[in-house]
Every structure is written in C-alpha cells, then in structure tokens.
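**Student:** Can you build the whole structure from these sequences, using the hints too?
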Amino acid sequence: MRRIYFDHGVTTPVHPLVAEEMYRCLKDNFGNPSSLHHFGNRARKAVEEAREKVAAAIGANPPEIVFTSGGTEANNMAIHGIAYTNQHRGNHIITTAVEHHSVINTVKALGKQGFTVTILPVDSYGMVRPEDVARAITDRTILISIIHANNEIGTVNPVAEIGRIAREKGVYFHTDACQSFGRLRVNVEELNVDLLTISGHKIHGPKGVGALYLRKGVRWRQTLFHGGAQERLRRAGTENVPGIVGLGKAAELAVSDLEARAAQLARVRDYAIKRILGSFKHVRLTGHPTARLPNHASFCFDFVEGESMLLSLDLKGIATSSGSACTSGSLEPSHVLLAIGLPPEVAHGSLCLTFGPENTEADVDYFVEVMGPILERLRAISPLDEETAYADRNECLSCRAADICRHH
Amino acid sequence: MYTDIVMEHFQNPRNVGEIPDADGVGQIGNPACGDITKVFIKVEDGVITDAKFKTFGCAAAIATSSIMTEMAKGKTVEEALRITHRHVAEALGGLPPKKMHCSNLAADALHAAIRDYQRRRGLPVPEERPSSGHHHEDHHGE
Ligand SMILES: Cc1ncc(COP(=O)(O)O)c(C=O)c1O
Ligand SMILES: [Zn+2]
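So the protein sequences, as listed, match chains U and R.
The first sequence begins at 111 in the working numbering and counts up by one.
The second sequence begins at -11 in the working numbering and counts up by one.
Each hint should be verified, as a subset may be incorrect.
Claimed, not checked - Capping the alpha-carbon separation at 30 Å, the derived lysine-lysine pairs in DSSO-like fashion look like this:
no., chain 1, residue 1, chain 2, residue 2
1, R, 86, U, 222
2, R, 61, R, 86
3, U, 317, U, 426
4, R, 86, U, 218
5, U, 155, U, 137
6, R, 86, U, 317
7, U, 426, U, 137
8, U, 391, U, 155
9, U, 384, U, 426
10, U, 426, R, 86
11, R, 30, R, 61
12, U, 279, U, 317
Hints are computed from structural coordinates only; laboratory data are not their basis.
**Tutor:** Here it is as structure tokens:
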C-alpha cells in the first residue's frame, strides 16, 4: 500500500546522517562523560561538540545550552526553575491559552502552589496580541512563557515583539520553539528570549532528547531534579550521550539550507490548503492564513468527527492527526481549538496535516482523491447536516450520567 | 487500539440510515460531546423488526451503533431494553477503557427509541436508566 506520512508536527523520521552518527557513538563511544579517563573524555568531547552545534543553530553560546530528555522536560524545568528562583521578586506568571500541555500544566500546577497565573486569550487565528501581554504585566510578574509556533494550528506568535516588551519591563521570557526550530529561523537574540525549548524528534533527530537555552545571567536554578553535578548542576543524571550526539547533528542539519527547505515545505502546504478548501464543502482552515509554520495545514470538517477521518485515512495509507476529543483521550476537544473560538462540535472535526521534506504535491493529490469518498461516507452516516448541526443541542444523557461533559 | 470486529463494523456499518415511518426514534449525545447517535426502530407485535442508525462520532461510536442495531433486531422490546453498553462492548470483542463513553451512546439511544415507541403507543414507559452511570471512573481522560 502507498504510505504517506503527513504527521511531522507530531514526530519526524530520523535523518540518515543523524542515525549514522548515533550508531557510531553507540558502537564506539560508550564512556560516561563524568569519568576522568580516556573513555570518559571521548564521551565528554562528543557531548560538548553537540552543545556547540545546538548553540550555533540558535545563536547562543555553548554554556547556555542544557540537554534534557525532551521538550516536555525543558519546558517544565524552565518554568518551574524561574518561578522558584525568583520568588523574592514576585509570584505572577503569564502564559497563553494555546500552549503545549507541558507548559500549561506546569503553569497550572504552580498556580496551586502560591503563584498567580494569567492565561492570555488569543485571536481567532490563535495569535497572542503583544498589547495583551503588556497589559497583563504587573510589578509581581516574574515570567512570561509563550509558544513560538503552535503544534495544532501552526500559527506563529510575534515572539520578538513580546520579548522586547518583556525585556523593557525586566520580566523573564521563555518560548517553546519545539515546532518552529528547523522550520523557521530561530535565533535567541532576534527573538529577545531568555529561555527557549527545543526537542530532538521534531527536527529529524531522536526521541527522548531536547535542550533548554538559558541566557547567561538569568536567575534560574534546577528545582525539579536532584542528583549529580552533570550539566553544570543544571540537569542531574548521566548524559544521554548518543541522544545528545543525535540532537547536535539534527540541529546542525535543521539550520543548513533552511530557507530553501522551508520554501519547499511551504509550496506543498499552500498547494494542500488550496486543493482542500477548493475540493470539499463545509471545511475551514484553522490557524493563521499566512503567519503559520511552513509545513502546517490544519482544518475542521463540519458534520464529521476527527478520529473517524483519521482512521479512514490510515486505512488508505495516510497518517494525520486530529485534536478531536476521541483521539486525545479526553472528551473535551482540543483546548487550542476552543481557545480560537470554535464551537466544540466544529472542533471535533479537526484534521491536521504536517508536511516533511519527502512529501510532494502528488501526495496531496492522493489525499484529496481518497478524502472525497471518506467525507461522503462519514457524512452519510452522520445525523448532522447544515440544518441540524447548530440547532441540535439537547441534553446528552450519557455525558450527564457520567459527569464528563462540561458543556451542560 | 481497536479490535478487528470494531474496525470491521466501522468500515462496513450495518443498518445505516433512517426509517421514515419509524415506530420509535431516540437520540443521545449532542454535538458538543463529540458523539451523537440517532436510532430508528420498527416494532411489530412487541418485536423489533427493523433498526437503523445515524451516528456522528469516532470509530467506536460508529461500530457500537452498528452492532447495537444487529443485536436489537428480532428481540422483543423487553429483551432489547436489557441490552447494556457492556453487552455492546463485549459483542465487539471489547473497547479501550476511554471509549466506553461511546458504547453508552448506542445502548442509550436504543433505549430512548424504545421509550419513544412506548410513549407513542400509550404503553407504560419504564424509568429512564442511563447505562453509563456506573462507569464513571473510566471517563477521566486527562
Ligand atoms: C509545541 C511543543 N512543545 C513541547 C513538545 C514536547 O516535546 P517532547 O515530545 O520532546 O517532550 C511538543 C511535542 O510533543 C510540542 O509540539
Ligand atoms: Zn467516541
């Protein structure tokens, strides 16, 4: 069967050159970087070379890079660390309604530990307004954390402008750049950030490794992990040497020839948006029409549910994702789609296509070809149509009995 | 994630559609919840002779609706009222715990259609008992 992978926002295939370097490391460089002997020194050298590559890729200095187990850990330790290290200065944290769970849940947890939290709304494209950020800052504000580019709707936030505001007010600014790094230019000076998160497996690197950029001089301490003195006391635990080596190589590749690669991705994206909006009825683009990731096309299809579209496409060999409740495992549709003001019934019909370098316009044509009959079939099964979709809001007994629907 | 039976019913659902002159119609769920099932039944001499459905929802919601209509056909209304979401899930070879919500819909929609039939005929309508109440703990997704 023809297999097409349109899910690069969720994870990417490992680049062959990355796999090769990791294999060499696993085979020939097993030492513990903390050891003082030859084997340790060789492993240490590999880690430091990777640190230089990651730093160079984002315009940082190598000592400002801390390796982590991925984007989730980097986000947790960035936010938690700033919060607890700056308690003497204030207790107010600002974030947005469209963050990744590793940010939103960390901030919410801090909200139960004596910190005050402001969750900023976004516009209907999912974009944060810099003036909202400025207005939310108080003399108790110690941290602003705002996602660079959103994983579900692709919208790119005006991070540089928000960073300027944060710096003027003397507030630390963190951005989650897991989706943008390797797809957009990500430079810590241009973006005016103090902390920045990246993840290996979103950039054709390995899973289970990421990095946190910590600007020199920022008051931050490790507050979550206790252990040895690795990563200059910033991240305890024996380094994931092959993973770090893979991240270093992936970061190097992520910025080489970036403009040309992004342009190619954007061509496929724009073709997909044009074909999908032009071929089907009752479908809308979600996220910003232009300020979006070059590889990201996301939609909501009316009257059909996301998971049933996703599984039908998978049966035809096409891999996608959906923010529908049933795929995410909770009964609420995605918090991002609700935050941009979509009614829940529309949010349930979301489908997200994220492209990679191997995808072509012909792949998009194949998608459109198989999607037509899938939509037709699912819409024929669905009791919803133009007339009933929005009128039909009667009680849901099952939901009420199980106390799981917050909409009643 | 799903059993072969679920995937088979999802791909080839039985009894999709509406019955224009149905003797009973029941609908459970609403668009906000992400799953809606609408069930139509024909009843002759107390026996369900035909059942059709329309469902907006995930693969589990479509498959449970499909198998529920098969289970209901040929049963007396009393027998059909005893079909629970557990029976529906078992008939599909099981469902992932997070999907039990979806199987509730099918059984509840069938029961709603039967109550509608009883009401129309002026028959005593048994007390409404959502089959999902005791499955509370399965539903906390996050
Ligand atoms: C925006 C964003 N932040 C954080 C993460 C988490 O990264 P990781 O999977 O490396 O923990 C992801 C990916 O899942 C993401 O898309
Ligand atoms: Zn469902």
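**Student:** Next step is simple, just say for each hint if it's right about the structure.
**Tutor:** These are the hints, each one checked on the structure:
no., hint, in the structure
1, R:86 - U:222, "holds (27 Å)"
2, R:61 - R:86, "holds (28 Å)"
3, U:317 - U:426, "holds (27 Å)"
4, R:86 - U:218, "holds (24 Å)"
5, U:155 - U:137, "holds (16 Å)"
6, R:86 - U:317, "holds (26 Å)"
7, U:426 - U:137, "violated (39 Å)"
8, U:391 - U:155, "violated (57 Å)"
9, U:384 - U:426, "holds (22 Å)"
10, U:426 - R:86, "holds (25 Å)"
11, R:30 - R:61, "holds (9 Å)"
12, U:279 - U:317, "violated (36 Å)"
Consistency note: the structure conflicts with the earlier hints numbered 7, 8 and 12.
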